[in-house]
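Novice: Here's the letter readout for the chains.
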Amino acid sequence: MRTAAPNLLWLTNGHAEGETRLNAFDNALIAAGIGHWNLVKVTSVAPQAATLVRGPLDIEAGSVVPAVLASCQSDRAGELSTSCIGIGLGANSHGMIMEHSGTGSPEHHEAVVRQMVHESFVRRGLELEEVIIRSVSHTVEQIGASVAAVVLWWR
Amino acid sequence: MRTAAPNLLWLTNGHAEGETRLNAFDNALIAAGIGHWNLVKVTSVAPQAATLVRGPLDIEAGSVVPAVLASCQSDRAGELSTSCIGIGLGANSHGMIMEHSGTGSPEHHEAVVRQMVHESFVRRGLELEEVIIRSVSHTVEQIGASVAAVVLWWR
Amino acid sequence: MRTAAPNLLWLTNGHAEGETRLNAFDNALIAAGIGHWNLVKVTSVAPQAATLVRGPLDIEAGSVVPAVLASCQSDRAGELSTSCIGIGLGANSHGMIMEHSGTGSPEHHEAVVRQMVHESFVRRGLELEEVIIRSVSHTVEQIGASVAAVVLWWR
Numbered sequence: 002m003r004t005a006a007p008n009l010l011w012l013t014n015g016h017a018e019g020e021t022r023l024n025a026f027d028n029a030l031i032a033a034g035i036g037h038w039n040l041v042k043v044t045s046v047a048p049q050a051a052t053l054v055r056g057p058l059d060i061e062a063g064s065v066v067p068a069v070l071a072s073c074q075s076d077r078a079g080e081l082s083t084s085c086i087g088i089g090l091g092a093n094s095h096g097m098i099m100e101h102s103g104t105g106s107p108e109h110h111e112a113v114v115r116q117m118v119h120e121s122f123v124r125r126g127l128e129l130e131e132v133i134i135r136s137v138s139h140t141v142e143q144i145g146a147s148v149a150a151v152v153l154w155w156r
Numbered sequence: 002m003r004t005a006a007p008n009l010l011w012l013t014n015g016h017a018e019g020e021t022r023l024n025a026f027d028n029a030l031i032a033a034g035i036g037h038w039n040l041v042k043v044t045s046v047a048p049q050a051a052t053l054v055r056g057p058l059d060i061e062a063g064s065v066v067p068a069v070l071a072s073c074q075s076d077r078a079g080e081l082s083t084s085c086i087g088i089g090l091g092a093n094s095h096g097m098i099m100e101h102s103g104t105g106s107p108e109h110h111e112a113v114v115r116q117m118v119h120e121s122f123v124r125r126g127l128e129l130e131e132v133i134i135r136s137v138s139h140t141v142e143q144i145g146a147s148v149a150a151v152v153l154w155w156r
Numbered sequence: 002m003r004t005a006a007p008n009l010l011w012l013t014n015g016h017a018e019g020e021t022r023l024n025a026f027d028n029a030l031i032a033a034g035i036g037h038w039n040l041v042k043v044t045s046v047a048p049q050a051a052t053l054v055r056g057p058l059d060i061e062a063g064s065v066v067p068a069v070l071a072s073c074q075s076d077r078a079g080e081l082s083t084s085c086i087g088i089g090l091g092a093n094s095h096g097m098i099m100e101h102s103g104t105g106s107p108e109h110h111e112a113v114v115r116q117m118v119h120e121s122f123v124r125r126g127l128e129l130e131e132v133i134i135r136s137v138s139h140t141v142e143q144i145g146a147s148v149a150a151v152v153l154w155w156r
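Top to bottom, those sequences are chains A, B and C.
Each number in this note's numbering comes from the position in the first sequence (counting from 1) with 1 added on.
Each number in this note's numbering comes from the position in the second sequence (counting from 1) with 1 added on.
Each number in this note's numbering comes from the position in the third sequence (counting from 1) with 1 added on.
Treat the hints with caution; some may be incorrect.
Stated by the list, open to error - With beta-carbon atoms standing in for the labels, derived distance ranges:
id, chain 1, residue 1, chain 2, residue 2, range
1, B, P57, A, A92, 20 to 30 Å
2, B, A112, C, N93, 32 to 42 Å
3, C, E131, B, T52, 42 to 52 Å
4, C, E80, B, L53, 37 to 47 Å
5, A, N93, B, L53, 31 to 41 Å
6, C, V123, A, L53, 29 to 39 Å
7, B, G105, A, T104, 30 to 40 Å
These are calculated hints, taken from the structure and not from any lab test.
Even for Gly, the Cβ is constructed at its ideal location relative to N, Cα and C.
Here chain A stands alone, though its shape is the one from the complex (with noise of 0.2 Å):
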């Protein structure tokens, strides 16, 4: 990584069963387009100068990435496991990032996160100028998965 901030920002999900909790987070991971990175979990900062773009982003398998992630396991069959990222762009600086996850609808992770991320602006007296915000759920049949993730990277 480098100390200047990253100047990309590629938002995707994934979701998966799997033989263990970890595998199932693994091929979460896969489903999500980041499960060949060596993965570093950041706290939530959109650098004002990062351009949202589509993935896949073209980084060598194995290389050290900065994700905010959001994850949830599971092994209740019949349970929804949902993961869900948000978001906020500022007017005039930089974005912040809000993450929530946990069995239930993807409607009430959304609702949570949007309010983080309107409560994270507020704070900062920021003014919020785009909200994005995605969520992927998982109905668990024996040992399922959910991953959200904000990738961070230099161009």
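Given the structure of chain A, go ahead and fit chains B and C onto it with the hints provided.
Specialist: Chains B and C alone, transformed into the frame defined by chain A:
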């Protein structure tokens, strides 16, 4: 981030209420002056050549910034949320950073951290020159959080 | 850290007692030879060009070092704390690193990790050439920890 060891350390803390646990945590990060970076949690070494500086650090918003983090979120009104960090500086070696957080008094957490710093030096056969301990407590109103951190960076 | 994928892998482990859970974990890191770096937890990819080396690695104390980490801390006397890591190397692709830890026998955790490595290759449609699995167990006296890790670095 770079492959060289960081040469700046900034010890900070903050506390706040929030509408959710993540927002309370986020608001505590803002209060600590570290809410505009993508923090990466690291284990606990103070590089030998690092200088302890008074913040705030001038790092671009959204940068990926390594930090030792202690935090405690609580939604029990009246409960004391305390986060404590201690830096042990070595006489002729690298130092160690220890953290402890939870409910309870700052005195309790500071005593635990002091003991942890001592043990981390004894175990490494290093000579402890100085211990700096800081804690922050928050009395929860509805949903509150405290955060103590050491930010590691490069001058 | 750099944006290029790491090209060195070091598989190590350790175990120890400590006066607190964090110290037991820290002492296990020392025993594993990785207690003098700022470790950053990453998900689980072995870059294709990476060489598995015998440690210890010559990296400056306090450096920010990516690692896949498995650890288990326990304060129940007599309990077995086991941490296991497996590296699956691909025939013509990147590899995968899986981990499992908890109480219970090394045989149990090794079997789980072996299965996870296999599934991670099947799911990606990759050909598995070799699996290397190492575990460490610690019989808890008062407060104990085991740690297994793969350190990723650049030659």
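Novice: Hint by hint, work out which the structure violates, then give me just those numbers in ascending order.
Specialist: 2
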